[in-house]
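**Student:** Chain G is fixed; fit chains C and L with the ligands onto it per the hints.
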Amino acid sequence: MSSDQSLRAQVSPAQGPTQAQSQTDTTAADDPDEVAYVSSLPGVLGTIDAAIARAESALLAAGVLLMALNTVANVVGRYLFQSSLFFTEELNRILIVVITFAGISYAARQGRHIRMSAIYDALPPRARKILMIAIALITAALMFGLCWFAVAYLLTQAGRGRVLPALQIPVWTTLVIVPIGLFMTGMQYLLTAVKNAISRDVYLSTVVLEGYDDEETEV
Amino acid sequence: MAAAIFSIMIVLLLLGFPMMVPLIAGALVGFVTLFGGLGQLETMIQQMMAGIRPASLIAVPMFIFAADIMTRGQSAGRLIDMVMAFVGHLKGGLAISTAAACTMFGAVSGSTQATVVAIGGPLRPRMQKAGYGDSFILALIVNASDIAFLIPPSIGMIIYGVVSNTSIAELFIAGIGPGLLILVLFAVYSWAYAVRNGVPTEPRASWGERLRAVRAALWPLGFPVIIIGGIYGGIFSPTEAAAACVLYALILETLVFREMGLRDIYRTAKSTGLITGVVFILVAAGAAFSWVISFAQIPQAILSGAGIDQMGQIGVLFAISIAFFIGCMFVDPIVVILILVPIFAPVVADVGLDPVLVGTLITLQVAIGSATPPFGCDIFTAIAVFKRPYMEVIRGTPPFILILLGVSVALIFFPQIALFFRDLAFPGEAG
Amino acid sequence: DTWRYAFEEALDEVQGIYAQKFKEEIEANTDHEIQLFPYGTLGESADIMEQAQDGILQFVDQSPGFTGSLIPEAQVFFVPYLLPQEPETLASFFKNSKAINEMFPKLYADQGLELLTMFPEGEVAITTKEPFKTPEDLDEVKVRTMTNPLLVESYKAFGATPTPLPWGEVYGALQTNIIQGQENPMFFIESTKMYEVTDYVTRIGHNNFTTAVMANKDFFEDLSDEDRQAIRDAADAAFAHIIDYQKGLTEASVEKIKEAKPSMTFTTLSEEERQPFKDAAGEVEAKFLEMTGDSGKEILDQMKEDLKTAEDATQS
Ligand code: NA
Ligand code: NA
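Chains as they are written, first to last, in the working numbering: chain G, 1 to 219; chain C, 220 to 650; chain L, 651 to 966.
If we strip away everything but chain G, and leave its shape as in the complex, we get:
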């Protein structure tokens, strides 16, 4: 398990990526994923967790690229070969589910989920810490609950045997990522609660300290 000190270093802007800067200076989405994910789980669990994190990011990237490719291929098919790809719409729908649910888990690792922190920010550190532990635990519980019902939904779908009209594959197979993503997100929040409980600082996720980076302060 990494020490708090090294984690702090990972999120400091000074350690940011050495990517080629464009003429427009820092970009809107300049490496939101710049925090190298280090699992806070010990031993084999940590290895597995890190592997899952890599798998999630691979899924995200592949999903987005495939979506672009699939959509463009349909246009090409329609104009050059007078034949639309009959499955484009369905494949995109599958991909959007994959991206969303791989994305929420990945975003939880990175502490990127949107929140309104006005009141929270005004609290003293100790209260913030307690509140953050409560937030993380409740969010985790909610995610595990949803995961449970997502599994139930999946089983119901499998039982009914509904298939996608064009691709003719069972609908439930396209939703497998949903409970997995929810479970992984729940795990991340659970670990965040633990991390907050055992560390001195307040963490948004297991690897991200609270507070927005201040490189982009108001002019």
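It is worth saying that the hints were derived from the structure and are not from the lab. Even glycine gets a Cβ: it sits at the ideal position worked out from N, Cα and C. Mixed in with the good hints there might be a few duds.
As the list claims (entries may be wrong) - Which residues of chain G face chain L? A few of them, derived with a C-beta cut under 8 Å, are:
| hint | residue |
| --- | --- |
| 1 | 78 |
| 2 | 82 |
| 3 | 89 |
| 4 | 160 |
| 5 | 163 |
| 6 | 166 |
Stated by the list, open to error - Which bits of chain G does chain C cover? Going by a derived footprint, with three or more residues having C-beta under 8 Å, they are:
| hint | stretch |
| --- | --- |
| 7 | 93–103 |
| 8 | 109–119 |
| 9 | 133–142 |
| 10 | 146–155 |
**Tutor:** Same frame as chain G, now just chains C and L with the ligands:
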């Protein structure tokens, strides 16, 4: 039940929970109350899936991806340099150009979220450099993007047209007047902001410099050609244009400008996926929440007690504005249209209102609602993409919201703002 | 009790009219109350179907075309030129068909649904930007279809380029010429303003849009005998009402379109002109059999037989 749900949501929101929690909890409480237990929560999952299913949503990750490639590479910078060569010397010139670009892009792409990313993404850093405050910039981007709801093609107007049996072609034309009026007012405000805050101007560029800037932007000018030419030329749907932009951006930055390698593309795609997940889980949770509101017939219950059938034309228009404004603060705009339009339809017919005027007003309210706290897709998108705190993103919105509300009131008292162009194009319908 | 009933169209479209009549009958004859949920207020077609299966909704109207992903045999309604075109024959067909009244209820029951009725929503017409009379005229014409393999197959067989597109994008796609045609019943062409973005309406008589109303099976079976009978009676009354309502509906829709857009051209192909399209239908039938196997064949054969019975009964 409604009051309890809204209270829970607001409290969770204020305490600093991730935004998906208030939405999911709101839906959850609704389901448990409606069905007396956890028995029907599979439907909640179903509706979350339904929320991210619309094919038009695909345009969002695609435009995020394209904009990110353009911004990490050279395309965006070259395009903005070109615009600056023409407007950099004007007070508020960059802000006004941003507003205009958001309006144009939103109009064609049909997606306000995509606009926040595609136009806001590259222009925000440049505006910051030019001396604009970040809250102003973020509010300008979010609100100017929402003008897109009013300018064709507008999915909100199509849905309204179908539900209310109103000519979609007429609605499209009627939206242009208020849309342009808002743009003009935003431009005036931007100018006033620039003057009051002493935002410096650049020296006027010579025609030689301008020519050089245009030449440098020649390749990236392919983007507007793909988007505007492609969509209005009947080659692409907006979603497909987004994907085509991705491809074009990849080609430009890897082969022409040689700014990016495979590794950069992978990282950009991953970051796009993350932003998409962050925003779409809220869309999903919002859909489940909307379902509860719809199933419990909460709007019907509230409106049946409001006595809308006792109001005159002006009263009905105000009632519609308020209902849609409040509805869109919490619930997905499309669902709001689907639920509320049939409820108002009889009274609209009774008092003899022009359904095109009503449709334009509703579309305007939907636009305002999407940019208005606490829940708004475009606010979420801006937070996710720009990585700024919620409060900072909404801090600058009040002047814009005031302008938008002002235009709504103006539209109620001067329907010609919407109907002038409509009557010009469809002379038979006047009256 | 309060029963909930969702359907796939707006309140003033055919499914909505049926639902309103059904509601009226139930509320007049029982102490129960019905809440109606039109298109999109509880989700898309597949969503409300699942909600009915889950028992959240007591009644649902879903067209067999959409049910195809759940009950493949239901796609038989997409086989062109299978349904009669004469309104009276059509009504008699739906009323008496063995396939509809005996075979389909079993298939729906397997999915936890009590099939109450199936009814026609109107002849499907094709709107296009250019006129056509033959399959050759449709060459390179992109016609929007639902994402349904048989519909795609049909338009291929008709010579066009079938282009599956989500409904929300159809208006815009016609306006910008990404597609040049789409198909729907006349009332729907009118209410969804498809005529604003196309110029020709052609009736080739290939299909009549069919829809089905069902109840959640557990809910239905737990009811008292009187309530069950009241529901059956309400379904029958609404069926009679909707058949009556549809008399002249197509013509009325045509009038409305002509009034809104006088330049709109309406063409009904003659039997002779339809022949090449009918010939093409064989390919679609083959595709249907390939997708559904023996049980599909059984339904298809029975439907053909029912069709003959209906024709004999009404044309004598
Ligand atoms: Na638009
Ligand atoms: Na809002």
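**Student:** Now tell me, hint by hint, if it's right for this structure.
**Tutor:** Hint by hint, here is what the structure shows:
1. A cut of 8 Å between beta carbons decides the hint on residue 78 of chain G: the least distance to chain L is about 7 Å, and the hint holds.
2. Against a cut-off of 8 Å between C-beta atoms, the interface hint on residue 82 of chain G holds, since the closest Cβ of chain L lies about 5 Å away.
3. At about 6 Å, the closest approach between the beta carbon of residue 89 of chain G and any beta carbon in chain L falls short of 8 Å, and the interface hint on this residue holds.
4. About 6 Å separates the beta-carbon of residue 160 of chain G from the nearest beta-carbon of chain L, less than 8 Å, and the hint is met.
5. This hint holds: residue 163 of chain G has a C-beta 5 Å from the nearest C-beta of chain L, less than the 8 Å allowed.
6. With a least beta-carbon distance of about 5 Å to chain L, the hint placing residue 166 of chain G at the interface is held under the 8 Å criterion.
7. With a cut-off of 8 Å between beta carbons, the stretch 93–103 of chain G has 8 residues touching chain C; three or more are needed, and the interface restraint holds.
8. Look at the stretch 109–119 of chain G against chain C: 9 of its residues bring a Cβ nearer than 8 Å to a Cβ of that chain, three or more, so the hint holds.
9. With a threshold of 8 Å between beta carbons, the proposed coverage of the stretch 133–142 of chain G by chain C holds, since 4 of its residues qualify and at least three are required.
10. By the rule of at least three residues with a Cβ nearer than 8 Å to a Cβ of chain C, the coverage given for the stretch 146–155 of chain G holds, with 5 such residues.
The structure fails none of the hints (numbered hints given earlier).
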